[in-house]
Structure formats: C-alpha cells, structure tokens
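Sequences and hints are given; from them, build the entire structure.
Going down the list, the protein sequences come from chains A and B.
For the first sequence, numbering that gives the first Met the number 0 assigns the number 0 to the initial residue and increments by one for each residue that follows.
For the second sequence, numbering that gives the first Met the number 0 assigns the number 0 to the initial residue and increments by one for each residue that follows.
Hint data in this document are derived by calculation from the structure and do not stem from the laboratory.
Built from N, CA and C at the ideal position, the CB exists for glycine as well.
Some clues are possibly wrong.
Each computed DSS-like pair below joins lysine-lysine, with the alpha-carbon atoms no more than 30 Å apart [what the hints assert, rightly or not]:
id	chain 1	residue 1	chain 2	residue 2
1	A	K438	A	K542
2	A	K544	B	K143
3	A	K506	B	K99
4	B	K28	B	K15
5	A	K551	B	K99
6	A	K578	A	K550
7	A	K578	A	K505
8	A	K550	A	K69
9	A	K506	B	K105
10	B	K190	A	K506
11	A	K505	B	K190
12	B	K24	B	K153
13	A	K442	B	K112
14	B	K135	A	K438
15	A	K574	B	K190
16	A	K505	A	K438
17	B	K135	A	K554
18	A	K506	B	K58
19	A	K544	B	K15
20	B	K135	A	K504
21	A	K544	A	K554
22	B	K135	A	K505
23	A	K379	A	K544
24	A	K69	A	K379
25	B	K58	B	K153
26	A	K401	A	K433
Computed footprint of chain A on chain B, listed as stretches where at least three residues anywhere in the stretch have a Cβ under 8 Å from a Cβ of chain A [said to hold, decoys possible]:
id	stretch
27	23-36
28	157-171
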Amino acid sequence: MVLLFLEVSVRPLGVACSQDTNHNNNHHQDQHSGNATHVKKAFPVLSLDYHHIKAPFEVSLWVLLASLMKLVPAARQLPVTSGGLTEHQPGKPGEDTALNCLGEKPSVSGFHLVPRLSGIVPESCLLITVGLLVGGLIKLAGEDVPPVLDSRLFFLCLLPPIILDAGYFLPIRPFMENLGTILMFAVVGTLWNAFFIGGLLYAVCQIQPANPSILHQLELLPCLLFGSIVSAVDPVAVLAVFEEIHINELLHILVFGESLLNDAVTVVLYHLFEEYSGVGTVTVMDGFLGIISFLVVACGGVLVGALYGILAAFTSRFTSHTRVIEPLFVFVYSYMAYLSAEMFHLSGIMALIACGAVMRPYVEANISHKSHTTIKYFLKMWSSVSETLIFIFLGVATVDGKHAWNWTFVTVTVVLCLVARVMGVVGLTFVINKFRIVKLTTKDQFIVAYGGLRGAIAFSLGFLLDERVFPLRGMFLTAIITVIFFTVFVQGMTIKPLVELLAVKKKQEAKRSINEEIHTQFLDHLLTGIEDICGHYGHHHWKDKLNRFNKKYVKKCLIAGERSKEPQLIAFYHKMEMKQAIELVESGGGIKLPSALPSTVSMQNIQPKKPPPPKPVERALPQLPKGREEEIRKILRSNLQRTRQRLRSYNRHTLVADPYEDGLGDLLIKKQKMIELEKKIKDMNNYLTVPAAASDSPTMRRARLASDPQAYNMKQQSDSVPTIQVDLASPQSPDSVNLMDEFRQAKQQQQEDDEQGLMMKPPSGPHKPGEAGEPREQKLMRCLSDPGPSADEEEDEPFLP
Amino acid sequence: MGASQTHSEYQYLADKTGFSLEQIKNLHKRFQQLSGNEDTISKENLDSIPALANNPIRKQIIDAFFDKRNQHQEEVGSFEEIGFEQFLMVMSHFRPPTLKTTEEEKEALRKEKLRFLFNMHDTDNDGVITLEEYRKVVEELLSKSGAIGQEAAKAIADAAMLEVASTNVPHMAPDDFYEGITFEHFEQILKGLEMESRMHIRFLDVDTTTMRCGKSTS
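Here is the structure:
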C-alpha cells in the first residue's frame, strides 16, 4: 500500500518537476541566445531534474511494484508484530520469499484472513485488482494514465521472457508424444472458435432490425476479426493459473501446448481479416492464400527458431574459456530469433519455443553448472516479473481507455466464447480419440475446455486495431476485457476446487530416480524392437531413428569434447549425482538428507555375500597384493589425468576452482555420494582413521564401507596418494578447515608430481562460509575403513570419467 | 486350412488375447513373413530382422518371445520354436488400455506388463533380480556406447540397486544382505511410470504389412 502511494505521489511531482525544468531550460536558453544580459544567478547547489530520468525511473518503479507485489503474500504470512509489513526473519521465511519471487507458492500459514485469500484467489486475479487500484489512483490524482499496455512494449518486451522460459523448460517428451492432439486443438480448435464466435456475433448483431442500434454498423469481417482475436487461448494466463493447480502432466501439456501453438493461427487470421476489413470482401483466393500463409507462418517460425537454436548450440561449444558470458548467448540468440520471426510476420512465439527447445540439450551439455543455474534463475526472474507486470497493466489499462459498454455485445461474446470452447473441445476429442492410444476421458475434456483462458495477448491485439478502420474499436476492447476478466477471475478461481471435486489426477511430485530412467530407456528400446518385429514403422521406430541420427552426427557437431559421446543414461546419472551432492552441501552439510526416506541401506547391503575375510589374530594391517596395487595406482593416475584435462579450463578469472565445476565436481560428487551413503549407517564408531586417496575408484570406496573396520595402509603403493589422518571431528571443529587445505594440497601435490601445472590454488586464510559445508563432507568421507580387498570385487574398474 | 477354420481359430485367439480379428489377421501375415510360411519361428528368424540389428537389447527381446513364463501357463524354461499362438500371447502384453477399461482392469494390466519386464530381467527365474542380473541389464543398455558405457554401467547399476533397497527396505542393519529386487519391490519403484499407459504399441487394424515386406526377412 505504501508503494502505491509512493507511485501516485511521484507522478504529480514528476509532472511538476518537468514543468520546472522546462522553465529552467527556457531561462538558460534565453540567457545564451540573448547573450546581452547576463543575470548572475546563484549557482544551483541542488537541483531537481526529473525530466532527465523520467522514462527509466518510471519503468523501474513499475518493475519494483511488480516485484513487491510478489513479496506481499509471503509477508502476510509472517506473524504480525505490528501492523503492516513486518521484518522478514532470515531463514525459512526468507527462503519462501525467494521462492515466491521465482513464482513458486509457499504454503499458507492460516494466520489471518489475507493468507486464506491468497489461497483461494489465484495470483493473477490479485494482480489485476492491484492494477485496477493503481490505475484508479492515478486517475484520481488527475494524471494521465500512461499507455502501459502499448502493443509494442507488450510484444517486444513483456511477452518474450515468458515464452522463452516456457520454451526452454518445455518437457519435450510429453510434448512430442501428444503433438498431434495439441496441433488439432491449436489449429482446428482456434479456427472453429474464431469462425463460430465471429459468425454468430454477426448474426446476433443483425437481428432486431426494428430498433437500429450501433451494432448494425458491424460488418461481417470486423466480426470475424474480433472472433479471431478473442478466441485464442493465452499462454500467460494459462501458465499463471495452471501453475497453482498442479494437474497431471498430460492435461497441462495439452492446454499449455495449445496456447503456444495457436499463435500461428491467430497471427494469420488477424492479418488476413485486418487486411481485408478495409476492403470489405474476402474471396476464395484470399482464403486459399490464407491457408498457405498459415503454413508459411508456422513452419517458418519453427525454422527460424531452430536455426537460431543450432547457432546458439554451436556457439556454446566454444565457450569453455569464457564461462561468464554463456548465459548471454542463450538469451540473445533466443531474442533475436523472436525478433527475426516478427520481422517477417512469422509466428514469433513458435520461433522462440523452437529455439529454446532445440538448443537446450546441446547447450546444457556444453555450459558450466553455474551458467545453467544463471540461465534458469534469470529466466524465472524475468518471466515472473513480466507476468506480474502484464496483469497489473491489464488492470491499469482497464481503468484507462475509452470504454463503450454494450450489454448485448458483451454478454453475447462471453456466452459464445464459453459455448464455442466447450463444443470445440468435445467435438475435437471425439475425432482425436480415434487416433489416440490413451484416450481422453470426459474429465480430461472438461479440464481442457475449462482451462481455455484468454489474456493479455487478446487485449494487445485489440489495442493494435486502427480506430479509423474499426470505428467500434472501443466496444471491441470493452468486450475483450470483459472476456479476459471473466475467464481469469471466474474460471481461474473455480478451477482449483473443481479439480479437487472431480478428483482429477494431479502431478506426480516424485523425483526422477535412476531406476525410472533406466527403465524408460529400456522401454524405449523394447517398444522399438517390438515394433520392428511387428513390421510396421510406428512412433517408436522414427523416434529411435531420430535419436541415432542425433547421436551420430548432430551431437558431434554441437557438443564440445568428450561429452558428445556420452550416452543419455550416463549423462542422467552424472546429473543426478551432481544434484544430490549440491543438495547435500546446500542443506547445511547433511543435517537434512535430500532423499525422501532416511535409510540405513548402504552399498554393503547389496553386495553379494562373500566369505568373511579371515580375521587376522593380531589385527595386522593387511596389504594389497602387488598386482592390485599396480591396478589401483593406474586407476588413480588415469583418473587424475582426466580430471586435470577438464580443470585446465580454469584461468586467472576463476582463481579458486569451483568445486561444482566439471572434473573436480565429478570427484567431489562421488565423494559426496558416498558420504550420503555413510549417513545411512548409524554406527560411525566402527570407523578408524584411514588414509584416504584424493581420488578414489568406486571400488575402493565400496570396499571400505563394510562393517569390518581395519585400518588400511596404502602408503607403500602409491606415493601420490596422500595420507590424511582424521578423527570424528564435529562439523564445527577447526579440523574441518584444515582438511580442505590438505585435500587441496594433496591434489596439487599429485598434479605437481606429474608435472602438469594447474592453476588451482588452495584457499588461503579464512575460509569463505560457503566452503565450510564441503570440508564437513570431506572429513566424514575420510572416516572410512577398508576391510581389505574382496575377491570378486576388485576387477579392473577404471574410474568414471 | 479352410477359411472358416482359420476364422474360428482367430476367434479363439481373439478371445484369449484380446486382439481384434483384423489385428490378428495382420499379425498372422507378419508371422508368415517371419517364419517363411512355416508354422513356427525360431530365434534365428527373429534375429535376422535387419531393423533389430541396432537395438542394444535385442537378445533380451528375442529371448522374451521364447520364454515360457510369458505364456501365463505356469511353466518355466524356454521354447526352441514358437507357434502363432505363443507369438500372439507375447504380443498381447503390449496392448493399450481402452476407454472402457476399469480401474481394476488397469491395475491388472499394469501388473501383467511389469511382470513381463521382470521376467526379462530375471533370467535365472529365481524370483528376484540380483545385482548381477541388474548389472547385465544396464550393461546391455549401454552396450552400443563403447568403453565409456561399460565403465559406467556398473556404477549405475549399483546406484540403482541401492535406490531400490533404500526405498523398499529402509532400515537394514549393516550386516543384512539385500538379496535382490522382488516383484513387489519392482512394482514399487516403477509405480511412477504408469506402465499401463506407456508400454504399448499401436497394433494396426489396417493391413500395411504388405507395403513393408521388402524390408523384412526373406
């Protein structure tokens, strides 16, 4: 609320100041041009020049308003000590705030009425209301409401981040699997909607010849144009509402995919009808050209996007030395794809989606983890702010603007929209189900129909209309806004209870597990094989062919280095390990386990039973047989070499090797994974101090996890393996700090041994707090013992690259 | 074979496996192609399908056809050759659910499909998928990926096994040994994949096999 007043008060001030400065400028000019009379004024020590910074300042104010709006739901949930916004406690609520900024919703605390409100009312509604308030206040203050939802601003600045975010993180698999259905809904459904609404509106407008009203002026073509504007499902609104209801993946991708792909249809229809509305007639030829135009717009958009996507992927192949600007490439290439498509009047949205989807697998294989995080957070941030701004502006633009309310027109529009949508969905599903293997049930159809929300795109398209050609533009805009309000408020608010009521399947929250991944791949191959045996080239066959083509040619071009040959399963495994390791460290060093079920199962439980190693009477330190030592040394060396190759990319810009980066990351990840496993073992007392190698093979670590604690001396075989003595220090002990040093020194030592210079320096002096987490892990990892080699365990197992 | 006799046979098969008559006819044509117009096919017939050559798990797939456990008749072991009926039985595991399938039927369907997968992994038929068998599965999956694949396969299989164990038997003493993945555990870990909706292919009602016959065995 404070901010609104700030907003409103600044504006008149701004106006006043600009008048002021104009005055000053005039003065100045007089003085200079006159040159005769020099009146000495006092030197202006402090002056106010609002005009100078007016535009960026106002933009920033709006963005600030949008961002603060996102904070407010979280603030309301804090216990209120004094009225109004309270201090944020650090820790959990702060986290929630941060999450909130990224568009995720924290749980409602139920403290007072307001949080319950934000549970019932979707955020988009709240934002529109805020926009209405702001617009109202500005109007009250007597100012001109700025034309905020200017179409250029909307299409060029506000919309692209949202679409890019959606496209980049589009779940490709369900999208492709349901592509036919999505296209049917998008193309045929939108066409049906447009013609149905437009045609029937025209018919309705023509009745009542007795009392001639303003409606009789309406020709057929403007009606059809209006129909095409108002019929398109809006991706922004769909995203905003569907994000909160967590329905299952299939329905989400159907409605969302439809909202994205109908852009092509909308573009063509809009331009077609707009062109010919002036003339007044459309011939069959024009219709035919329209169809061709549609194909050009859609395929052209996708091609442009794919082209830019490939360029971006190719560029990212060479960025291993300048990691800092990697995210920039992603953003700039995508934006240029959008702009290029818009330049040719192709479908910008489809271009953006295609760009994001095409470049993602290759770019992610090439860029560093930090860049990946940067891209993710920047996209979420921009799209979140954009979305908020769009809804606020919708509210503001409603207050402003000449409205021409016509009861008949508006109510008929709203009713027709609903009816057309329902009829369209039901009819299309009937046809689609004949071709689908997994059919759409009635419940599904209902949700798809109900989820057809209209949003700001419709408004902007209406705004673009020329007043001279469309004298009834005001009425159109009013009707569009009413439809938008109706769908967002009524449908948006009621969809959640309806989903609960109908017991629609919700989204599976479970994390992707390695077993699921293995079996997904297995299934893919199995089904392809069965199709081959059956003899017909189905869905799986072509997908398999595409994958093989991708692996053989495309990946080699677009992915740098060794990773181009990495099979998908292995990539997934690495990614998962990385995630777990990072979660582990970020969660404060293992206080809270990332895994859902705390479990005491560890590797030892699944190893096949071996005859227990003969317990030496004197507990002498067993030694590895010579051959084994050689093996181990070889393994360690080869692994170090590989690690070193990756680490060489660091230069003076990245002084301290980021532990989450590439090769070192891999090592640490494996260690951290083992640490996680340790945690599951309750008894830590069994483990004595052990010398540990800086780089281990999984073999060694696994072998160590057995419960038979025996100190194991490795000193003899490998000089490069340092010994680190550790005891069970508590996480806060100073030992942890030293460990980190030792570890790094050890690594350095080894590498210096092999005469390969490495620019990695151990962190000197006080540790950064972020690093404290790791030493804890390192220390824990050291507390292992090795019972000795087991017969069938130590095969030749080279280290994972 | 007279036409009516075939028809009643087809009807019997349709009732047993749930395929439609057209689908059975098409599959029979394909069967004839593969077998070279014989009554039975052997492993070599299936091996010689050129499209299968690129498949990393072709051996498992072919073995599955000859596995007696997939015939739902409580027998174990494997056939040397199979007839059309057995061929159809195996194929019937890949039928999708229809609109009319009830929830219980979907459950049963899912169990059946999971059972098929389980049999593919559990090669020695002891009712559990041991670590060795699971390792073999992952190795085969990565078999086309060269050396990198083999090294990683073991680690991945171990991690997967660990996951199964921790999800199903959360608390094991350090000395306990997890024998292997039983069918219940297998069901549990693949719960999220919704097998009944994913493990299916499109069986054609229209006869298109004649168009492809140039590419299949001869």
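Violations among the numbered hints, reported as their numbers in ascending order: Of the numbered hints given earlier, those the structure breaks are 5, 8, 12, 14, 18, 19, 20, 22, 23 and 26, listed in rising order.
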